[in-house]
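S.K.: Going line by line, the protein sequences match chains S and R. Just so we're aligned: 368 in this note's numbering is position 368 of the first sequence, and the numbers increase by one with no gaps anywhere. Just so we're aligned: 246 in this note's numbering is position 246 of the second sequence, and the numbers increase by one with no gaps anywhere.
Think of the hints as simulated: they come from the structure by calculation, not from any bench. Careful, some of the hints might be misleading.
[Stated by the list, open to error] Under 7 Å between C-beta atoms, here's a sample of chain R residues computed to sit facing chain S:
1. V407
2. G414
3. A419
4. I421
5. V437
6. V439
7. F442
Even glycine gets a Cβ: it sits at the ideal position worked out from N, Cα and C.
Chain by chain, the residues run as shown.
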Amino acid sequence: MGDPGMIVLFTVLLPVIGAGLVLLLRNNENAREAATLITGAVTFAHVLALLRLVRAGEVPRLDILEVVPNVWLSFEVEPLGMVFALVAGFLWPITSLYAIGYMRGHHEENQTRFFFFFAIAIAGAMGVAFSGNLFTLFVFYEFLTFCTVPLVTHHQTEEAKKSGRIYLGILLTTSVGLQLVAIIWTWVLAGTLDFQTGGILAGTASTGILSAILVLYVYGVGKAAVMPFHRWLPAAMVAPTPVSALLHAVAVVKAGVFTVLKIAVYVFGIDLLQTLTTTTWLAWAAAVTIILGSLVAFKKDNLKARLAYSTISQLSYIVLGAMLANEMGIIGGGMHIAMHAFGKITLFFAAGGIMVAAHEKNISRMHGLGRTMPITFGAFFIGSLSIIGLPPAGGAWSKWFLGMGTLEASQLGLLAVLMLSSLLGLYYLLEVPVKAFFFKPPEDAHHHEGIHESPTPSLIAICITASATMGFFLWPDLFHELMQMVVSGGAP
Amino acid sequence: MSQNLPALLVVVPMLLAPLAALLNRSGPAWAVATAGIWFSFVTAIQLLQRVMAEGAITYAMGGWAAPIGIELRIDLASAFVVVIVSSIGAIGVLYARTSVAAEISEDRHALFYAALLLNVCGLLGISVTGDMFNVFVFLEISSLSAYSMIALGQDRRALTSAFQYLIMGSVGATFIVIGIGLLWVMTGSLAMMDLAERIPMVWESGQGDRTIAVAFTFLTVGVTLKLALFPLHLWLPNAYTYSPSAVTGYMAATSTKVSVYLLMRFFFTVFGKEFSFEQMQLDMVLMPLALVAILAMSLVAIYQTNVKRLLAFSSVAQVGYMVLGISFGSVLGIAAGIIHLFNHAVMKGALFMAMGCVMYRIGSVRIEDMKGLGKAMPWTMGAFVGGGLSMIGVPLTVGFVSKWYLVQAALAEGRWFVAAIVMVGSLMALIYVWKVVEVAYFQRREDEAEIREAPLGLLIPTYALVAASFWFGIDAGTTSSVAISAAETLLGVMP
Chain S
1 MGDPGMIVLF TVLLPVIGAG LVLLLRNNEN AREAATLITG AVTFAHVLAL
51 LRLVRAGEVP RLDILEVVPN VWLSFEVEPL GMVFALVAGF LWPITSLYAI
101 GYMRGHHEEN QTRFFFFFAI AIAGAMGVAF SGNLFTLFVF YEFLTFCTVP
151 LVTHHQTEEA KKSGRIYLGI LLTTSVGLQL VAIIWTWVLA GTLDFQTGGI
201 LAGTASTGIL SAILVLYVYG VGKAAVMPFH RWLPAAMVAP TPVSALLHAV
251 AVVKAGVFTV LKIAVYVFGI DLLQTLTTTT WLAWAAAVTI ILGSLVAFKK
301 DNLKARLAYS TISQLSYIVL GAMLANEMGI IGGGMHIAMH AFGKITLFFA
351 AGGIMVAAHE KNISRMHGLG RTMPITFGAF FIGSLSIIGL PPAGGAWSKW
401 FLGMGTLEAS QLGLLAVLML SSLLGLYYLL EVPVKAFFFK PPEDAHHHEG
451 IHESPTPSLI AICITASATM GFFLWPDLFH ELMQMVVSGG AP
Chain R
1 MSQNLPALLV VVPMLLAPLA ALLNRSGPAW AVATAGIWFS FVTAIQLLQR
51 VMAEGAITYA MGGWAAPIGI ELRIDLASAF VVVIVSSIGA IGVLYARTSV
101 AAEISEDRHA LFYAALLLNV CGLLGISVTG DMFNVFVFLE ISSLSAYSMI
151 ALGQDRRALT SAFQYLIMGS VGATFIVIGI GLLWVMTGSL AMMDLAERIP
201 MVWESGQGDR TIAVAFTFLT VGVTLKLALF PLHLWLPNAY TYSPSAVTGY
251 MAATSTKVSV YLLMRFFFTV FGKEFSFEQM QLDMVLMPLA LVAILAMSLV
301 AIYQTNVKRL LAFSSVAQVG YMVLGISFGS VLGIAAGIIH LFNHAVMKGA
351 LFMAMGCVMY RIGSVRIEDM KGLGKAMPWT MGAFVGGGLS MIGVPLTVGF
401 VSKWYLVQAA LAEGRWFVAA IVMVGSLMAL IYVWKVVEVA YFQRREDEAE
451 IREAPLGLLI PTYALVAASF WFGIDAGTTS SVAISAAETL LGVMP
């Protein structure tokens, strides 16, 4: 397929082209959706082409232009970025399929604008995945923030407006106020913003200053939602469910934890991280977020809100993995990007399906609904297993490696946190399908007679992600191999 | 011909101004103004290229060499400012055609264009002259023409704002002329390069060193008043709010910028960095004022209900960024200041022009009147969002480039609290930009169908500036290397 650099460029540009097609075909719904699906599939094919190169040990690279002297906008595909690109690239067409059923079933307005910004957001996610230096990463990180605002505020109601404020406010405050300062500081100290195995900051300043920069980075990546900068994620739940599913369970939030991992591995380097005082503190900050997130999820009756807090909790698993500063932690964190993505998107798909088919948002009103929507709730069950970390779902592996990481770092306390959080998850996630299948419906509920499932395109999407979740239990090798390349310094 | 370009740059608009007034009809006067300003623009670009290739150009007016005659002296810093003024002027005059036709009564159009030409002439003159008294003369030309243009605003408050500016501006000009006079008494020279040699001699002789210090103070206060550094900014918000839209866009992008340039010229060329920063400890005065300007004026901007006024207060805050850059006294800091001159001119020009489009269609720029404009005037509001992104400092816009250098300059000196304040300023910009966006995109209006998009005559110049704010944010290589070299020239460190 020609020059690797060009493939990278196309992978980022294709969703933009798709967005253009969506605008052009706005008067014909079916053609418009076909455009989204086809560009989605072609984009993913490009990602697979890149995957082949990366597995062969190549590092496709493309320098686009010099923005300010010595600072380039450039792309580079390394294994960690590949993990993120694979997840986002695969789930985009699936989510589009789901969205077709959802948006039509829910009679949403302004669907063209929705699909347009959706595609643009994927371009942003691809840009984040393939960014070749910290500057490019920051550019696409902010790009992703801005192009998801119209999606979050899609309904243009008073509530959407408020959520938009929280969303932009927190994400920009952290990124401009903390992350950008850290990036410029890195530039002043290291004189480069490139990602290098072993990091670029080692030996450039005292441990105290580097520890401070690490804190700026971890809290500056607001998309990783480490408390207290997590409020934007529940706020973003006012968006239509496909947005919550792909962007706020996968693309946007994973862009955040991906950034944290990337900075940990390629800007600081594992060796340097181990010597910094704040690394352990941040690991504990992530641990606190894990527990508090789970506890809040416990108390939420609104299903999407519960899933949002579960996401906050799960994201901190990955931050924790990075801050363990050892190979197992990094591998576990990277794999959890993929595993959590497939599990959580299944849960959101199910939640949206329930909303469209049964018009229920609250868990207490879903009792007995399992009998009318067996496939949806079955998928929910599988997704839950993955999030909790139980076989036969992929999440078991990432949690396994994270647990090994805590042992290697001799942090038994953190291991206990992981276990406790899984126990909490066992309750707050499994409660939903269990009550749906085994409890009696509430008196005043008007559930349909017989089977009344999610819209068909949505149902297909749910089945695909749920099967993939189980598939990754049997075949987790691909993600493990890529993460192994990251820690063993195969690239860049 | 080409040796005379430095003089023609200033003289052509000056001579065309009376012609525009004499023609006394809107169309021809506009054509004359456009021809004059575009001539200056093309000349400015040529001069910049020549200065970049060959170094500073000096031109003796009438063949009399300095210090006896008047010398024009164009180095990188002045060439850069000349390009800023003339390019914004060139776009502004295109914009003015439609906007002025809507906002100013027909019989005054010719006078308006004459004033515009004089203003451009004055601002360019300040930037290229190498003579202190000449600075004062051109400053008065640009100020008087500015007062008259502001007074042409539709709102009757334009008259009082113009008068307020007249009083404040005259105080500033008087301070400047007193400073120049004192310098002349002490050194017997008015040529900048000559002064640069004589001032240290007078200072070191110990006789009259107090007079030099007083002259420095008068000049500093006078110029900071013209550039609206907090707390001497009181004239600016009213002047920007009530003047005609075309004037606001043009002035916001040029006049304060030239004053900032003048400040640098005085500090670094005439007095020298050592005197300004070590003897007079300028940084101790400028940095706190700049930081207060950034925080306080952004805060005030957040609470405005008139968008032009909001942008005016934001301008005062942005002047704070430029002065902050200068107050570091380092190459990186001054380069940040210089690059922000250009960057802010581009983005604020775009924002004010977008407001001019709104004014053209709905006759108001109050926030509550802008409901539903996201739908009714998508291109206009798109331009506002584009310019707004730059104000916030989103990467790949010019605003980001400014912040990149400014924060670097702060961190390189270990002043992390200054870096923090710069970032807080960006976030405050987010609040006041978002405030407008929220109203325009989240609220509906009944007469949505009746409001049409602004005419192309306004949109095209506006989008030229929006495009520039992205272009020079994506490819900032040229602007930043010119700014860095200009800073090196000002400080006298050769690369």
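S.K.: Take the hints in turn and mark each one as holding or not.
M.R.: Consistency of the hints with the structure:
Among the interface hints, the one on V407 of chain R holds; its C-beta lies about 5 Å from the nearest C-beta in chain S, closer than the 7 Å criterion. Taken as an interface hint, G414 of chain R does not check out: its beta carbon lies about 10 Å from the nearest beta carbon of chain S, beyond 7 Å. About 6 Å separates the beta-carbon of A419 of chain R from the nearest beta-carbon of chain S, less than 7 Å, and the hint is met. Here the hint on I421 of chain R is broken, as its CB sits about 11 Å from the closest CB of chain S, past 7 Å.
Taken as an interface hint, V437 of chain R does not check out: its beta carbon lies about 9 Å from the nearest beta carbon of chain S, beyond 7 Å. Because the closest C-beta pair between V439 of chain R and chain S is about 10 Å apart, greater than 7 Å, the hint is violated. Taken as an interface hint, F442 of chain R checks out: its beta carbon lies about 5 Å from the nearest beta carbon of chain S, inside 7 Å.
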